[in-house]
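The lines below spell out each chain.
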Amino acid sequence: MTSTSSREKKRGWIREEFGSPERRAAYYMVLPALVIVVAIAFYPVLYGVVLSVTDSTIIAFGSFTGAENYIEMFQNPDFLEGLSNTLIYTVVSVALEFVIGLGIALAINQAFRGRGLVRAAVLVPWAFPTVISAAMWRLMFQDQVGIIQYVASTIGLINEPILSDRTLLLIGAIVVDVWKTTPFMALLLLAGLQTIPTDVYEAARVDGANVMQRFFRITLPLLKGAILVALLFRTLDAYRAYDLFWVLGNRELDSLSTFVYEGVRISQLTFGQGNAAAVFIFVTAFLLALFFIKVLGMRTSVEE
Amino acid sequence: MASSTTGSAGGRSVLNEVLFYVFLVIFVLVSVAPLIWVFKMSIIVKSELFATPPTILPHNPTGSAYAQIFGDPRFQHALINSAVISGVTTVVCLFFGSIAAYAIARLKFRFRTSVMTLILALSFFPQVAIIAPLFIQFSKVGLINTYWAAIISDTAFALPLTVWLLVAFFRELPADLEEAARVDGATTIQAFRKVIVPLAAPGVFTTAILTFIFAWNEFLFANTFLFDESTQPVTVVIPNFATIYTVDYGAQAAAAVVVTVPLVIMVLIFQRRIVSGLTAGAVKG
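Residue numbers (the numbering used here), protein chains in the order written: chain A, 1 to 304; chain B, 305 to 589.
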């Protein structure tokens, strides 16, 4: 009885969805985009998971080896270095970008002359290809012609060449990322600030709230949505960083992504470990996104 | 901070005003300084490049580094390859992205939210996770080392951006447009093509700029799927210049400047649009 009626109900919505020409048109319209996304991204992820538990190579599919690739990966010092570099880079650069970006957004959240010029200037680093900014900064870090190397060693800040010291390189990578992405962070936060109605501040001032109280009680809570969106985007972007590490470090500075790239594309011997690391990045990035959405309560509504 | 919360400019003191502009000038300088410095490196002669201490202003500006890289067929090819890959990616992505975005923004169907979520989820995707599987798939169908390998993968990963922006722009149009078109006897597709697309043209244009920048800057897929200089874009070729022109830093600097010039021009002309596009999502989130 119930099964018949539920079957009828099911047939009912199928008829409703595909019977109406408008709804049918909607499905035809989203289909190509869905096919591209599934074929080029979601299917390969599953295929990557399969590769990671086999002894496949780039040219031949291998046999099942269980967790072996993962065990070897966690014992590989290159992977561990890539992991720690990525974590330090992500936490430090996103934190700096957030603090500086919020400061800039608060400062320029007003009408002033030359606003268009400022906006254009801050967009310049953002629009650069990451590899080109990395190449530019590499020239400035250069020990023979680099201005930063020259200034830093003249004032006694460092005494070794920046490009041959991994710690300095990692700091350099953070500097480049902060330079390149802080404006983007500031723009996102500024857009959030502009949605806060000014009469809220007026009311608070009438009630005797000082600057700090207004910032912590009004600005921050009302800005929470924009902050979470900006932080999530930046965190995941930094976490998967490949271009900057590859070019700035000239293949000598490891991140998680460069470890994968080297495994699957350069070295024939670590193809399995590279795939294990690829799955590792995917799963951890997914968990990070989930953390922002569930724990921090980011609103992800895609409806109006 | 105080100035932001006061909002109105009326009560600001002259000192505050001065400090504010000093801050702005420093901020703008820091943003553009590396580009200016690298530009300076590209127009000075070798002896000056290696001078200690470095010169601040160029003594004898020269265009020889530019003549050198523009005369290099590797660089010419790379520029053409970049233009082809990002141009085709933009067109393909806007075509599929706009029809999908229209359905999501203005038509009713059961899986609307799921479809949007699935496409947007891709923007959080670590691309490096799929380079090995994609490499194997592309090899099977003979796409490795062709433009298509880069175009197809760039298109997939630009789609979330394209669809997100277009959905935002399409939703801004008045609600009864299609109704009116239908009364005149137009089908859904005709209403989209003849009414919505022309009206949303500014938004579609903004989306095209951002998609183009995304594809022009892409590096990982190009560096994975394209082997030789016949198809490699500038993002892949320029870092290699560090090896080709080992100590010829002037040429490396000139190449970096040339690649960024189209982007800087685009940013200067379209800054208002770009900002409105970039923040379309954040404001609503």
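Be aware that one or more of the hints could be misleading.
To be verified - Short derived list, chain B residues pointing at chain A, Cβ under 7 angstroms:
| # | residue |
| --- | --- |
| 1 | A404 |
| 2 | L438 |
| 3 | T492 |
| 4 | Q494 |
| 5 | F531 |
| 6 | A560 |
| 7 | V565 |
| 8 | I569 |
| 9 | V571 |
Unchecked claim - Covered stretches of chain A (chain B as the covering partner; in silico rule of three or more C-beta atoms under 8 angstroms from a C-beta of chain B):
| # | segment |
| --- | --- |
| 10 | 20-26 |
| 11 | 81-91 |
| 12 | 131-139 |
| 13 | 177-185 |
| 14 | 229-240 |
| 15 | 257-268 |
No wet-lab data here; the hints were simulated from the structure. Glycine included, C-beta positions come from ideal geometry on N, C-alpha and C.
Each hint tested on the structure:
no.: 1; hint: A404; result: holds, 4 angstroms
no.: 2; hint: L438; result: holds, 5 angstroms
no.: 3; hint: T492; result: holds, 4 angstroms
no.: 4; hint: Q494; result: violated, 10 angstroms
no.: 5; hint: F531; result: violated, 11 angstroms
no.: 6; hint: A560; result: holds, 5 angstroms
no.: 7; hint: V565; result: violated, 11 angstroms
no.: 8; hint: I569; result: violated, 10 angstroms
no.: 9; hint: V571; result: holds, 5 angstroms
no.: 10; hint: 20-26; result: holds (count 5)
no.: 11; hint: 81-91; result: violated (count 0)
no.: 12; hint: 131-139; result: holds (count 9)
no.: 13; hint: 177-185; result: holds (count 3)
no.: 14; hint: 229-240; result: holds (count 7)
no.: 15; hint: 257-268; result: holds (count 5)
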